[in-house]
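> Now for the letters of each chain:
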Amino acid sequence: MKTYLPSILLVTLIAAPTLVFAQVKADNATTVMTKSFKERGQAKLDRLNQDKAMAACTEYATKPMPSKVAAAITAENLAAIPFPKDGNYLGDWKAGERIAQSGVGKQFSDNPANPSGGNCYACHQLSPQELSYGTIGASLYQFGKNRAYSPEIAKYAYGKIYNSQAYLACSNMPRFGHNQILTEAQIKDLVALLMNPESPVNK
Amino acid sequence: MKPANVAAASLNRQAQLIASVMFLIIGFALSTASHAQTTKVAAAVAKAKQDAAPPKSIDPTLREIEKYREALADGNPADLWEARGEDLWKQKRGPNKVSLEQCDLGLGEGVVKGVYASLPKYFADTDKVEDLETRLVTCMVLLQGFTYEQAKKAPFGSADNRSTMEALVAYVTANSRGTKMRVALNHPKEKEAFEIGKKMFFHRGGSHDFSCATCHAQDNIRIRLQELPNLTKQAPAQRAYTSWPAYRVSQGELRTFQWRLFDCFRQQRFPELDFTSQGSVALTMYLARNANDGVLTAPSIKR
Numbered sequence: 001m002k003t004y005l006p007s008i009l010l011v012t013l014i015a016a017p018t019l020v021f022a023q024v025k026a027d028n029a030t031t032v033m034t035k036s037f038k039e040r041g042q043a044k045l046d047r048l049n050q051d052k053a054m055a056a057c058t059e060y061a062t063k064p065m066p067s068k069v070a071a072a073i074t075a076e077n078l079a080a081i082p083f084p085k086d087g088n089y090l091g092d093w094k095a096g097e098r099i100a101q102s103g104v105g106k107q108f109s110d111n112p113a114n115p116s117g118g119n120c121y122a123c124h125q126l127s128p129q130e131l132s133y134g135t136i137g138a139s140l141y142q143f144g145k146n147r148a149y150s151p152e153i154a155k156y157a158y159g160k161i162y163n164s165q166a167y168l169a170c171s172n173m174p175r176f177g178h179n180q181i182l183t184e185a186q187i188k189d190l191v192a193l194l195m196n197p198e199s200p201v202n203k
Numbered sequence: 001m002k003p004a005n006v007a008a009a010s011l012n013r014q015a016q017l018i019a020s021v022m023f024l025i026i027g028f029a030l031s032t033a034s035h036a037q038t039t040k041v042a043a044a045v046a047k048a049k050q051d052a053a054p055p056k057s058i059d060p061t062l063r064e065i066e067k068y069r070e071a072l073a074d075g076n077p078a079d080l081w082e083a084r085g086e087d088l089w090k091q092k093r094g095p096n097k098v099s100l101e102q103c104d105l106g107l108g109e110g111v112v113k114g115v116y117a118s119l120p121k122y123f124a125d126t127d128k129v130e131d132l133e134t135r136l137v138t139c140m141v142l143l144q145g146f147t148y149e150q151a152k153k154a155p156f157g158s159a160d161n162r163s164t165m166e167a168l169v170a171y172v173t174a175n176s177r178g179t180k181m182r183v184a185l186n187h188p189k190e191k192e193a194f195e196i197g198k199k200m201f202f203h204r205g206g207s208h209d210f211s212c213a214t215c216h217a218q219d220n221i222r223i224r225l226q227e228l229p230n231l232t233k234q235a236p237a238q239r240a241y242t243s244w245p246a247y248r249v250s251q252g253e254l255r256t257f258q259w260r261l262f263d264c265f266r267q268q269r270f271p272e273l274d275f276t277s278q279g280s281v282a283l284t285m286y287l288a289r290n291a292n293d294g295v296l297t298a299p300s301i302k303r
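Line order of the protein sequences matches chains A and B. So the first sequence is numbered by this note's numbering: it starts at 1 and just counts up by one. So the second sequence is numbered by this note's numbering: it starts at 1 and just counts up by one.
Only chain B is shown next, with the shape it has when bound in the complex (with noise of 0.2 Å):
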């Protein structure tokens, strides 16, 4: 080996050694962050859930069912829909074999991130507001070639049938844990939807004469055990609507929003609402951007 070689191999191997040295402090300080990051996460959800509880009970009974709700806590099997979310949203699917990975759910292709804390909004490529189940079903038609009745078929899953659209939920939601609602009412469309929704809250109607607001325009009111939040007010708006979508036990399924709404107006004793529909994203936006400000915690658990 000639010595101008022999230099340039020492070089190189001081090159090499530099090199790895940069990439193991690169990769320790990216591990800390992220590691930084996942408790800084853990800590505003922690922070967010005392701020977002309501104040303790002085009734017993209501006491014995905070107990409960706080043994609940510890195992939440939402993690299950969370991770068969993840693969969903990773796996090439639908006539086009794609992934959901360039879908845009409001703050660029493929960002899921802090996504739900901007739902609803508006979309230009389909100009209408969307919430995150809709936008889902827009994705999976538009990217993955799926028609509307195959993306919106089964939205509310149960043992023998699981839902995709719940574990897509689950996982996006997951990744919004910690992040502070920031609905915005900017585009024209965005403000009707939240007046829309409005006039739908305080809409009496049916067999009972019941609203939205017959249950949830009230301070500190229960129906049976169970507190009713007012909607109306922000505080109670951002502790209810940041603890969904939710686990529920005496379901044994993860439940979205629109869930949470198609049930509402099944004791409201309504027809059916229509998943996806233009009322229950304008409805969600009402509600959504009350919440505002509120701390994500979902996907929580509920009895």
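Excised from the complex, chain A in its bound form (with noise of 0.2 Å):
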């Protein structure tokens, strides 16, 4: 024990600094961060705090995240999807295309007391009318036709919306029921956008 105990404590020395400094470094940037943002309308500081699936994400932006991390933000997701108790997916396919459109909700420059859009276009395809699209996620033009317009893929793509995460960790897509940005009612019209055979979408 005694040969050892040198060799720890030069151990101690050298690591204990290092593990400090990269901990306060860490720190600075979150207090800089806070000190650099100020509340203003439905945007408070609030919004800069991280849950379990923001923090893991973040600290592996820029290296591959172990699987067993990201399985566990999966399965935590997943787990927090309320589905509709009747089993019921599809709403109204029109109403579905307007939240489609719609890029309000949530900004500090929006009024809050109007409802918030899912602004899908703006990373997807969907109606071949629509030519203004974003490529960030994949297209989902006839994305009900190609899968037979099945009830577990309505039910997919109900809990996709809800909760992207539960399928994909770190996906890119907002989790648009699980943070209230849409309703249940909203992402069942969403749903329908998507497989109503009378959808756009699906012609």
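Zero decoy hints are in this set.
Below, a list of computed lysine-lysine pairs in the DSS-like style, where the Cα atoms sit at most 27 Å apart:
id, chain 1, residue 1, chain 2, residue 2
1, A, K38, B, K128
2, A, K35, B, K153
3, B, K128, A, K35
4, A, K38, B, K152
5, A, K35, B, K152
6, B, K189, A, K35
7, A, K63, B, K233
8, B, K153, B, K302
9, B, K128, B, K90
10, B, K97, B, K152
11, B, K152, A, K44
12, A, K38, B, K191
13, A, K44, B, K153
14, A, K63, B, K189
Derived by calculation from the structure, the hints in this document are not laboratory data. If you're wondering where the values come from, they're calculated on a predicted model, not measured in any experiment.
Fit chain to chain and form the complex, with the hints in mind.
Okay, here's the thing in structure tokens:
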């Protein structure tokens, strides 16, 4: 034991300041960030806070995420989805199209009294008539048609919109239901836009 | 007149003649040099724009947007901001009634030419890393005697509330057109700013789980029809960073890089990024450094 003590002491002496320094650096970034924003309208400072998923996704943003961490994120988020009790996932596709077009909601410049949109077209192709669509997410053109309008897929679409990280850890897609951006009814309207055979998405 | 005086007068005339000929030659040389300098800058900017231009799009909708952008570039109202900024720079203003001509933007007192390429940087007098906007605030306070509140008032102007800051930024950045970005990470505080900025870039938060990286860490993606530069890579970071500040057609205003960050965070659903805050400068440091060796073309014009 005596022979090990000096080397343990030495290692501690070298390692401790390095660890402390790394910690201070990370804390410093958080402190600077908190001090650099001010609340405005509905966007309070708690918007900078992170839940477990956000923290892990930030930590592993520039390095591969261990599969265990990813699995924990998806499991936890899946368990948190309250699927509609009546088992009905399809609302009104016409209302869904309007929600997919609207980009308002949750910005400090938005009136919180108005309902939020999903802004789906910012990232996805949906109805072919809309040429102004983004490419951050996959094309959803003919989403239902290509999947034989299966009820399991309707449930998946509901879950994916409600909480995207239930299926893919650190997805770029907002967790619309989980973070109370869209209501259950609005998400059903979006599922109808994807799954109703009459929807322009499937034409 | 005595012969000696005549000789002296003749000598004097000769000297005057030689002097005026010399003056003409030097003047001509100077004007040629300055003309050559202007042409050189214009050529460098044109080349940078050509180099910076993203590859021509195959998508017909994007092609039309590219044509629109090319048409826009013909007449850039940023000139008006540049001229107003030059006046503001040279005017004796503030309680101390002095101009900003003694302001050190990083390359010495009063030097405007090329300064934007080295910013943000560490300044010993404030013991802080400052970007252009922050440094202008510092000079307005330390030189002209304004309070911080006065100097930071109206950082983003509108038609009935013109911004002093936007005009000054237009003037200073216009004098860096054609200059290569050379942001240094020598001072420990410069390194720290870069690291904090990088952390902010990847920080996910808000109601939508967004970080800067959500939109700006992938190649060849767009939001609606707007192409999104991958700001973690040098070439697209150069294209994006060197085109700010910019006259925004949709707003009828010239917008600074601080505004660009402010409005990104608004859309990111974050709270308001405080103008010239330490975090805003840190994020600018991260993005500016990633754009090093890019040639500044701003103030540019955007839709």
